[in-house]
Amino acid sequence: MPETPAAVAHFKETFEKLRAEVSKFIVGQQDIIEQVLSAVICGGHVLLEGVPGLGKTALVNTLAKALHLKFQRIQFTPDLLPADIVGTQILVERGGQKVFEFQQGPVFCNVLLADEINRATPKTQSALLETMQEKRVTVAGISHNLGSPFFVLATQNPIEQDGTYPLPEAQLDRFFFKLYVPVPSHGDFIEILNRTGGKSSPEINAVATGDDILQMGQVVREVPLEASVQDYLVKIVRATHPTDVNATERVKKYVRHGSSPRGAQTILAAARVRALLDGRYHVAREDIAKAATPALRHRILLSFEGEAEGVKTDEVIADVIEKVKA
Amino acid sequence: MPAHDRILAFLSAVKARLDLAWLVRAFCGSLLVIGSSLCMWCLLWVLRGYAVPASGYIAAAVALPVMALAAWLFGRASQRKAARIADEHFDLKDAISSHLGFSDEHREGEFIALQAEATAVRVQALSPRSIPVQWPRRVLTIAGVLLMACFVMGFKKDSPIVLERIALETETVRKSDEINKELEKEVEELLKSASDEEKELLHPDEWRQWVKELRETKDRKDAMRQYAELERKITEAAQKLSQRDTEQLLAKAAQEMKQTAELKPISKSLEEQNYRHAANQLRQMKLQADVRKPDEAQKELARLKSASQRMASAARNFQQRTGQQGNQGKGNQSQSSQNQNAQQSGQNQQQSQGQQGSQGQQSMDQQMTALEQSVQNLEQQLQQQQQNPNQNPSQSQAGQNQANQALQNLAQSMSQSSAKRDMMKKLQSLSQCAGKCQGFMCDKECQSLSQCMGTKPGGKKAGAGSVESRRAESDVTQDNGNRDQLTGQKGSGPSNTSIESADTGSGRATRTATVQEKAFQRQVESFIQREDVPAEVKEGVKEYFKGIQQVGNEQAAPAAK
Chain A
1 MPETPAAVAH
11 FKETFEKLRA
21 EVSKFIVGQQ
31 DIIEQVLSAV
41 ICGGHVLLEG
51 VPGLGKTALV
61 NTLAKALHLK
71 FQRIQFTPDL
81 LPADIVGTQI
91 LVERGGQKVF
101 EFQQGPVFCN
111 VLLADEINRA
121 TPKTQSALLE
131 TMQEKRVTVA
141 GISHNLGSPF
151 FVLATQNPIE
161 QDGTYPLPEA
171 QLDRFFFKLY
181 VPVPSHGDFI
191 EILNRTGGKS
201 SPEINAVATG
211 DDILQMGQVV
221 REVPLEASVQ
231 DYLVKIVRAT
241 HPTDVNATER
251 VKKYVRHGSS
261 PRGAQTILAA
271 ARVRALLDGR
281 YHVAREDIAK
291 AATPALRHRI
301 LLSFEGEAEG
311 VKTDEVIADV
321 IEKVKA
Chain B
1 MPAHDRILAF
11 LSAVKARLDL
21 AWLVRAFCGS
31 LLVIGSSLCM
41 WCLLWVLRGY
51 AVPASGYIAA
61 AVALPVMALA
71 AWLFGRASQR
81 KAARIADEHF
91 DLKDAISSHL
101 GFSDEHREGE
111 FIALQAEATA
121 VRVQALSPRS
131 IPVQWPRRVL
141 TIAGVLLMAC
151 FVMGFKKDSP
161 IVLERIALET
171 ETVRKSDEIN
181 KELEKEVEEL
191 LKSASDEEKE
201 LLHPDEWRQW
211 VKELRETKDR
221 KDAMRQYAEL
231 ERKITEAAQK
241 LSQRDTEQLL
251 AKAAQEMKQT
261 AELKPISKSL
271 EEQNYRHAAN
281 QLRQMKLQAD
291 VRKPDEAQKE
301 LARLKSASQR
311 MASAARNFQQ
321 RTGQQGNQGK
331 GNQSQSSQNQ
341 NAQQSGQNQQ
351 QSQGQQGSQG
361 QQSMDQQMTA
371 LEQSVQNLEQ
381 QLQQQQQNPN
391 QNPSQSQAGQ
401 NQANQALQNL
411 AQSMSQSSAK
421 RDMMKKLQSL
431 SQCAGKCQGF
441 MCDKECQSLS
451 QCMGTKPGGK
461 KAGAGSVESR
471 RAESDVTQDN
481 GNRDQLTGQK
491 GSGPSNTSIE
501 SADTGSGRAT
511 RTATVQEKAF
521 QRQVESFIQR
531 EDVPAEVKEG
541 VKEYFKGIQQ
551 VGNEQAAPAA
561 K
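Residue numbers (the numbering used here), protein chains in the order written: chain A, 1 to 326; chain B, 1 to 561.
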C-alpha cells in the first residue's frame, strides 16, 4: 500500500479521471456520476431509476469502458430465468465421458448492467441476491466466486408499471444507492444534441483498472470519523424508525419501517468518499447529510397512509435531517 | 509549533471572542431583566400611591453586574462548543471539532496527522476577530426605555392619601405605645394598692399577662380590638365580684338596726356601705365577760342580742323576699341540691358564678340567723346559770365562744364584701380607663392620653382659642385615610346593656297595685271607724297594714338608690 498522502492523491486523481472520462459521453448529471463512482469505489451496487432515454444505460456502458473491466449486460424480461443470469450445468462429452460442466452466466463479470431489473420475475430477481451480497454463485451445490471488483448497476423504469415486479425489500437493501436520473437541463439538452448529432461520437478510454478501484476502496476505509459525527449518523438512521425517540412527526405518520444498519454503513462509506473528494481527512456532518438521501431512500418503507398520500421518501429523509440535532 | 498547538491557540482566541460576545449578550439580557423587574417594582409602589424607595434602585444597581457576571460565568462556551461555532462560522466542516475528538480519544495515524495539519493550515489564515460581537439593539432599546421609566417614577412623591395613612399609622403606633404604658402603670398601681384580701380575689399574674400581651401596632383596628378585649376581661372580672344581693341584705340589716339607738353607728356604716368599718364595729361586740358572772355577761350580751335579732330579722325578711324558706336546714338542703344539679347539668360558667354568689348571700344571712341562734342559746345558758349558780360554767363558756365565733364569721364576711366592693370599684375605674384608651385611639383631636382621660392638665394647643363657633369646614367628611371598617368580634365584645334585677316583686306594673292599695286603705279606714268591730280585731288589722306599709317603704328605698 502506498503512503497515505500518495494514496489519497491517487484516489483523487483516479476519481477525477473517471469522472472526466464518463463526462465525455454523459452530459451533465455530475451528481449521478459522482454517486455512481462513489458506490463503485465502495464496492456497492447502484439502482438507477428514471424515465427511458435519460442515459442510464449509456452511463453504465461508459463507466464500464472507462474502468477497463469486464462488462456484461442483462436485459431483464418476464421470461428470464435464474439460470440465464448465474449460469447452468450443461452436459458435455469429455474424454469419451459425458459430464456436467458449469456454463457461466453473464453475472461472471466485473460490471453487470441489470437493465430494467423490475421486469424480471421475483424468482429471477432473487437469483441476484446471493450474487450481490456474497459476490459468488452457487449452482448444483457448487459455489463459484465472481471477479473482483464486482458491482451491479441496475436500472428500472418508473412509468411502465404493467408487467413489472417491484423489487423485494431484501433486494433493495443490497443496493448501495438508489439514484433518480433527472431530466437534463436546457443547456445539457443542447450539449447532448451537439455531441450526438455529429459524425463522430466521443471515444471512451480506460483510465482505471480493477486494482485501482480496490486501492481506492481501501483508502476510503481509513478516513477517520469523530465520535460526535458518528453519533449524528446513528441518530439520523435511527430517526427513520417511527418508534425512535428522535423520530419526527412525519416519520411517525408515514413510515412503516426505517433503515437497516446497512443504511448507516452505506452513508458512512459514501461520506468518507465525499470527504476525500473535498480534500479533507475527516468526515463532516455535511457529508453525512449529503449521503443520507441516496443511501436511505430505498431503505425506508412507507406506510399505507404514506403511500396513499403520495409521500416521497426523500421528503421524509429531508425532514429527519432537518430535525435531528447535529 | 505543532499543528495541535496551533489549532488550540486559534481555538482559545475564538473562545475569548465568544466569551466577549456572550458577555455583551449577558449584560444586555441582565439589563433587560433588571429593568423589567425594577419597572414592575416601581409600578407596584406608584400604583399604590407610595413614593418609590431608593433602596430598589440601589439593589438594581448591585444586581445588574452580579447577574451579568453570573450569567456570563454559567453561559460561557466550552471548548467543544467554541470548536463547533468556529467550524460553522469559518465553514471548516467539523475540522476543529473532529480534531478535538481525535485528540480526546488519543487516536493516532497518518490520516489523523494529515487532518491536524490540514486543519492547522486552514485556521492559520483565519481571524477570530471576524466573529461578530454585536450589541443587541432591540434589547438595549427596551431596557433603556424601562430604566428611563423607572428613573421618572423615582421622582414621584407619596400621594396625599398615603401620607395621611402613614401619619395615621405613626400616630396609632405612638398612641398604642402610650396606652400600653398607661395601662401597665394602671394595672401595677391597682395591684400595688390592693390589699391581701383583694389580691386573693384577683390573680395578679394573669393581669400582668394580659397587659403584657398588649402590643404596639400600626393597625388601628387591631389596636382597638385588643383594648376592647382587655376591657371585656376587666368587665368580666368586675362582674365576678358583683354582690348586689349581699348589699341589699346588708341594707336591710342597716334599716333594722337603725331602730335601735345603740346600733345606729353600725347601721350608719352599713348604709354608707362601709362594710369594713361595720365589721370592726361588730368585732367590738365580742363577748369578753366572765360567764361565771351571769349578770355582767347578760349586760354585755344585751347589745349583741339586739344587733343579732335585728340582723336575723333582716335576714329572714330577705329570705322571704327572695323566695327562700326561713328554714335554715331546708335552705341548705335546697341549696346543696341546686349545686348538685348545676354541676350535673354542666351549666356554663356564668351560671355557676351566679350560684356561687347566691351561696355567698345565703352564707351571710345564715350567719346572721346563726348568730341570733347562738346568742339566744347563750342567753338561756346564762339564765340557767343565774338561777343555778352551782352549775358548771363550761356550757356557758362554750356558748359564749360559739357566739363569738359566729360574730367573727359575720364580721369576716362583711370584710370580704368590703374588699370585693373596693376591688369592683377599682376594676370599674380600670374598665373606664380602657374605654377612654379606646376613645383616645379613635379621637384625632386628642393629642395625649392624659388629655383624653382628663386626669391631667391638657387643653388645646397654643394659639387655639376656646371659641368653638367657627365656620371652619367640619372634618367629619374629610378622608382620614382609614379605609378599614371596625368590626367587633361577635360575642366577645363588652355589652352596653346590663340587666338590673328588681329588688322585690314580680316585675309587674305597680299602677294597678297603687289603685288597689288606696282602695284597701279606704276600706281599712272605714273598717276601723266602724263601731261594731271589736277593738282587738281593729288592732290586728292596723298591725297587718303597718307591716304592709313597711314593706312598701323598704321597696321604695333601694329603688331610690
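Honestly, the hints are just simulated from the structure, not real lab data. All of these numbers come straight from a predicted model, not from anything done at the bench. Careful, some of the hints might be misleading.
[As the list claims (entries may be wrong)] Each computed BS3-like pair below joins lysine-lysine, with the alpha-carbon atoms no more than 27 angstroms apart:
| no. | chain 1 | residue 1 | chain 2 | residue 2 |
| --- | --- | --- | --- | --- |
| 1 | B | K81 | A | K290 |
| 2 | A | K17 | B | K93 |
| 3 | B | K93 | B | K240 |
| 4 | A | K235 | B | K93 |
| 5 | A | K325 | B | K240 |
| 6 | A | K235 | B | K81 |
| 7 | A | K290 | A | K12 |
| 8 | B | K240 | A | K290 |
| 9 | B | K268 | B | K436 |
| 10 | A | K312 | A | K325 |
[Said to hold, decoys possible] From chain A, some residues computed to sit far from chain B (all C-beta separations above 12 angstroms):
| no. | residue |
| --- | --- |
| 11 | E3 |
| 12 | T57 |
| 13 | R280 |
Where is the CB? At the ideal position from N, CA and C, for every residue including glycine.
Subject >> Broken hints, by number >> reply: Hint check: 3, 5, 8, 9, 11, 13 fail, others pass.
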